[in-house]
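Note that the working numbering has the sequence shown beginning at 366, numbered continuously upward.
Errors might be hidden in some of the hints.
As the list claims (entries may be wrong) - Label pairs and their computed distance ranges (CB to CB):
no. : residue 1 : residue 2 : range
1   : N530      : S367      : 35 to 41 Å
2   : H701      : A620      : 27 to 33 Å
3   : S441      : S600      : 20 to 26 Å
4   : K611      : E815      : 28 to 34 Å
5   : T388      : V882      : 22 to 28 Å
6   : D411      : D885      : 17 to 23 Å
7   : K479      : E419      : 25 to 31 Å
8   : E597      : R443      : 23 to 29 Å
9   : D1112     : K552      : 26 to 32 Å
No lab work stands behind these hints: they were computed from the structure.
Every residue, glycine too, gets a C-beta built ideally from N, C-alpha and C.
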Amino acid sequence: MSVSVGIDLGTTFSAVAYIDPQTKLPQIVPNSEGRKLTPSVIQFLDGELIFGSEAQESYNAGEDDCVATFKREMGSDRPYCFVDGKAYTSEELSSLLLRHLKEDAEASLGDTIKEAVITVPAYFYSREREATIRAAEAAGLRVKKIIDEPNAAAMAYGLNHWRENASIMVYDLGGGTFDVTLVHMGKNGELSTITTRGNHKLGGRDWDARMEDILIAKFENETGLSIRDDHELVSIVNGMSEGVKKQLSAQNMLAAKASVSFPGYGNAVVTVTRKEFEDSTADLLDRTGALCLAVLDEAGLAIGDVTDVLLVGGSTRMPQVPAYLQKMFGKKPLSHVNPDEAVALGAAIQSSKDNESYATLAVRVVDGKKTTDRSKTGLNSHLSVKAEKKLNSLGLLSLRETTAHAMGVIAINDEENRYYNEIIIPANHPRPVRAAKRFRFYTSNKANNELAIYVLQGDSENPLDCQITYKYVVTGIKHKTGTVIKIQYSYDVNGVIHIQARQDDDTVDLPIRRENVPADISVFGQPVKSENKDQGFNVGLQLGVINTQSVVHKYKPITFSNVEWVKYDNVSDHPNGDEFDEPKVHIIANEENIEFHGYNISEMNEGVKYTISPFDDFEIECDINTSTISPHPGGYLEISLGLISAQLTENGGDILMDGVSVATVDPCFHLKMSLTKGGQYEVEIDGKTVGSKFKASTNDVDVRFGFVHGSHYCHLLSHAYVTDISMMQAVAGETDDDDSPDTEPWDD
366 MSVSVGIDLG TTFSAVAYID PQTKLPQIVP NSEGRKLTPS VIQFLDGELI FGSEAQESYN
426 AGEDDCVATF KREMGSDRPY CFVDGKAYTS EELSSLLLRH LKEDAEASLG DTIKEAVITV
486 PAYFYSRERE ATIRAAEAAG LRVKKIIDEP NAAAMAYGLN HWRENASIMV YDLGGGTFDV
546 TLVHMGKNGE LSTITTRGNH KLGGRDWDAR MEDILIAKFE NETGLSIRDD HELVSIVNGM
606 SEGVKKQLSA QNMLAAKASV SFPGYGNAVV TVTRKEFEDS TADLLDRTGA LCLAVLDEAG
666 LAIGDVTDVL LVGGSTRMPQ VPAYLQKMFG KKPLSHVNPD EAVALGAAIQ SSKDNESYAT
726 LAVRVVDGKK TTDRSKTGLN SHLSVKAEKK LNSLGLLSLR ETTAHAMGVI AINDEENRYY
786 NEIIIPANHP RPVRAAKRFR FYTSNKANNE LAIYVLQGDS ENPLDCQITY KYVVTGIKHK
846 TGTVIKIQYS YDVNGVIHIQ ARQDDDTVDL PIRRENVPAD ISVFGQPVKS ENKDQGFNVG
906 LQLGVINTQS VVHKYKPITF SNVEWVKYDN VSDHPNGDEF DEPKVHIIAN EENIEFHGYN
966 ISEMNEGVKY TISPFDDFEI ECDINTSTIS PHPGGYLEIS LGLISAQLTE NGGDILMDGV
1026 SVATVDPCFH LKMSLTKGGQ YEVEIDGKTV GSKFKASTND VDVRFGFVHG SHYCHLLSHA
1086 YVTDISMMQA VAGETDDDDS PDTEPWDD
């Protein structure tokens, strides 16, 4: 037989819980020492791994072979410690701890553990969540789900204290992390996250560090020793800091004594008062309070809208915490659940549940910023709170979590002078959730067609203030004129980011290579230089065009004006001597075609043109037919786009690039010309690239089709046709939310 468990993988302590088959209620599984909590400490002693209270005691004694608080560095590739010349990352250390927790729990339960729900701080990014999953898998655990610690605690609380329509502020101050989450209790055990904020490097250990500073200062004053300069002495004081803090957390303890025997001095005793400690840590409390207010602001709620405040995490036992929150919210915080056990108990409840289906993306724009549209999520209820009740069954409890961080991509703004974070999925949106967008993509039969996407997490417009998760490189894109690439961005049920891509109507995903972000990303905080424009990824709200170097601009389709031009020669001189008005050239230009019709043509050069900025990306495709140009008196169709030019007769002619022939064409052919990246010209004939050259300029560029003749007294007709025209141009500053290219997401 095998069981599913919930694991609270904590910074300072960890716990395992399961659903008791007899009572059908969550219970903590005692470890091999018979204790409910296992210190998150590992000791490497003579090639053996030591866990539990023994490792904790060695750590408190300042032993160098102990490691702790490694959860704070979860997701980092940097080594957290070195043991016997071997480097260990936080992920690897977490895997060792998880394996120990699993083996202890299996021994206690007498069953094998097949899968686990593991909790993480709500404010963990995708990297930390992925690292947690990998650590569990390396420990022999199949991860059923990752859930946020405050939500797990709220489930444990709600089992016996459900209050329909209540808005509960979960204040979770653990040993190394802090989360504050606003949850909504709906009908029949439906628990939904509204908003969440946090700091995964703020927790009880920071209070310990302040206590250490107080103790060192007092011991130095008492003994005259330079304790701070002695690593061994600092380690001893560090080991007692948490104990003194816990003494002061006792209900009636207003002062605590600390005693240390120093080499060369003897025993020294100092006293720390609760007031000293609370004064030295007031700023830490204020940091948590600021996050509480930020959560309410994002939810559009006031302090008075909070039904109750739920305390979670062992550090909330410090008297200053409930006192601070009671002053802020005007009500005494709840302590109905054991703050050390609530998270593991809630995870055990979730281990009996199935995962959720994907939510429909619901977004609105407020003051130019994308936010979650709660009118479509059912989280904006202001109904009266009903009386507290017990839920009769775990089956009634359900959980819908949200995205702690917005997901965006690095983009170039409309003016193309700076990088910014273009949000795709806003923060606090129900998860799992997908969003898909489509872009027109420039391909080449010579280049390696790849698309790079830098994915961010965070709300700040400045990319450097966000976490750049990874660089995703879409590969395997086929060379195809006018191809469309669909990119799907998603948060899965665990809060992990996934990127998928498809070409045109293909139902098979394109390969994606995930790369670590370069060490130096300062370029994204600087003004955009022309040579760096290929390093951004701009997600336009309209159908976009992406060049082969992964710059995506905001594009719109354009045409030559819908006009019909008729040019007259006031006195047309004919051999018979008659004088009358007669057309010299008749030009019809509409959305897709240009027709040139010449009559009695004297010297003339008429045509249509469109002017673009040299910094805008531009592409035109069309079919050319000059076969009906009359050989007598002669003439030609003139084509130009910057460096690209041609003069085509009834026999065709040469296509020139910067004055040099790159191709000789027949009178009928398919033409594609483009100007991208501020000076990259390319020309294709019948789908084959025949010329490519970069030549930057600050002058405007005309795309022009003209008709030229140079002979007099001609009654013959000449015609030239440019048909099936498709033009796309990047236009700075123009967007239209009504023409969003969002496309339907697809299943994995």
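* Which of the stated hints cannot be reconciled with the structure, identified by number in ascending sequence? -> 4, 5 and 6
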